[in-house]
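Given chain A's structure and the hints, the job is docking chain B onto it.
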Amino acid sequence: MTQFLSLAVGGLFLGAIYALVALGFVTIFRATGVINFAQGSVLLVGAYLIGRLHDPIGFWPAVLVAIAAAALISLLVDALLIRRVRAADLGTLAILTLGVDILLSTEMTREIGTDVIGVGAPWGADVVELAGIRVPASRVIAGAVALVLVAALAAAVKLTDWGVAMRSAAEDGETAGLMGIRLNRVAAGAWALAGVLAAIGGLFLASFPAAGVTPGLGLVALAAIPAVVLGGFDSPGGAVVGGLIIGVVSVLCAGYQDELSFLGRGIGTVAPYVVMLLVLLVRPSGLFGTRELTRV
Amino acid sequence: MSRAPRAAVAVGVVVVVAALPLYLESFWLQTALFSMGAIVAAIGLTLLVGIAGQLSLAHAFFVAVGAYGYAFLAGTEAAGEDGPAGLGLPPLLALVGAVALAGVAGALFSPISGRVRGIYLGLASLGLVFLGQHVLQNATSVTGGYEGVAVEPFGLAGFGFSDSDPDLTIFDVPYGRLERLWYLGAVLVALAVWYGRNLVRSRPGRALATVRDGEIAAAVHGIDVVRYKAAAFTVSSMYAGLGGVLTALAFGRIVPESFGFLLSIDFLVMVVIGGAGSVGGAAAGAVFVTALPLVLNHYSGSLPLLAEPGGGGIGASEASRFVYGAAIVAVLLFARDGLSGLVRRSQSREVKESLI
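If you read the sequences in order, they're chains A and B.
Going by numbering that gives the first Met the number 0, the residue at position 15 of the first sequence is 14; the numbering climbs one at a time, nothing skipped.
Going by numbering that gives the first Met the number 0, the residue at position 290 of the second sequence is 289; the numbering climbs one at a time, nothing skipped.
Just chain A, same shape as in the assembly:
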């Protein structure tokens, strides 16, 4: 039972990180209708910068630089590329971001090579223990940060002018444009925000118990895609719930690997995708997604 509980709790914390990355996907999708495959490599850039800079300029400044850089890259992708073909269909836009992803991740693979770069976080490899449940400190902090960010974001979307603009752009871009909402500005904000979330997610995904930043981190971040699909693509709440589900499922599968050995080794990494496929069988638009209704 203790094992189950600590795995479940560990899974929730991992899920919180996925939720952050997933929120980035959803934010971009709601504001601009783009499924951004470059999110994984933006995350990788963020984590890489923290890994390289924490020694010369200190950990916190490095985090700030990484967040700013990730936001800037994300913003530039929108401003330089996506904006020019805004009217294109979803598939085209998604493949365009795949192209960006190939460029960024190739450059990152070249920079990092076979190295494993530590992020030098002050919480190091500490482990927090409460009532027999042991969780890495980095994961607890990640959970807290995610909670604060998600709450802040929800409040911002609900209460601020930016949030209203964002929601109306998501609801009906054309009408919002006619009402004087600057769609380009809303889009830029959403992309930058997604970059920020990616960099923070990257920091925690590369922290203990992970060894550090490797080129594979971009692929790890792909596990946020099942979370997004699970939640329904246009639902921020769904992204958070989806992230948590994915986190718990993958940690449980990895933890009970021996009992699940008939499913093969490394079932933890594929479990998110299996869950996604199962959910899609029952609900093609995800758990919380808007069902597409069509009228003639």
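Derived by calculation from the structure, the hints in this document are not laboratory data.
Treat the hints with care, since some could be wrong.
Covered, in the sense of this in silico footprint (three residues per stretch, anywhere, with C-beta under 8 Å from a C-beta of chain A), are these stretches of chain B [what the hints assert, rightly or not]: (1) 131–142; (2) 224–234; (3) 260–271; (4) 329–335.
Ideal placement from N, C-alpha and C gives every residue a C-beta, glycine not left out.
Below, chain B without anything else, positioned relative to chain A:
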């Protein structure tokens, strides 16, 4: 073009294709074989993406089903050093079986591929690639795990597509495995192109294009949208399976790593560069994406700016990824319909000029 010159061109192409193995060295033959496998599979994806308007990131999975399916069906019955035991079927039967297997795998996905649309299908199919990798790594009794499995050479009516059995020398050129496979590949590519073109222009092809342009309009015209979408996915998986068989034969030994997420992306790149929906474009894109890293690697010693493998600087595989990453972005920004669109536009310009 009138009928007679067109026939002459066709004959010329056949003669050139038939004669090329006499001249090409083994590197080029190997590269061509990989390209041929990619062409067949890419045609399948371009039909799905361009004609049916569905996106799939699972293409590598179905290629793997074809490749491993062939290796298993044709493999020798006794497990040996070369890998796990197979069923020992005749190669041609194994080829057909592998393609059918990929088709069945595609059809099994139809509850999702029939209902989920466009990019959402792309995301859902992402799951298959990772699931496939997992199975390939773990089902060691069939796939040999990460060590992979040796692929039984192809053979037809006692003629082996291997280095011997029987020995063959034409115009003093010894015909080995690669030279013989070249002809098999050329025939399969020709069949794939022919079938693909016909499909696009046929009744089902037009029905699919209608589904792509508007599902409701299609349904109103009496097209069973769900069935057509599922069927498109199945046909595309069978293409992938055939491409997989060819790729497996070209490799001689297959390992799970070759069929991962990156391969799926490569296929999308081929289709986009060629212009989605164009069979010829997909073929061109497939050759470009497949051959570029191999060629750059081959000449990395003599090309400026490129480092030898393992050295610092930009390696051949990285350089080619940069090139085709940039190619995607450029194509989507400036020439949405890809290479085939560029060709078509220049042709129509010629026509206009000739009218003037």
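Here's how the hints hold up against the structure:
no.: 1; hint: 131–142; verdict: holds (count 6)
no.: 2; hint: 224–234; verdict: violated (count 0)
no.: 3; hint: 260–271; verdict: holds (count 5)
no.: 4; hint: 329–335; verdict: holds (count 3)
Figure legend: structure checked against the earlier numbered hints; the only hint not met is number 2.
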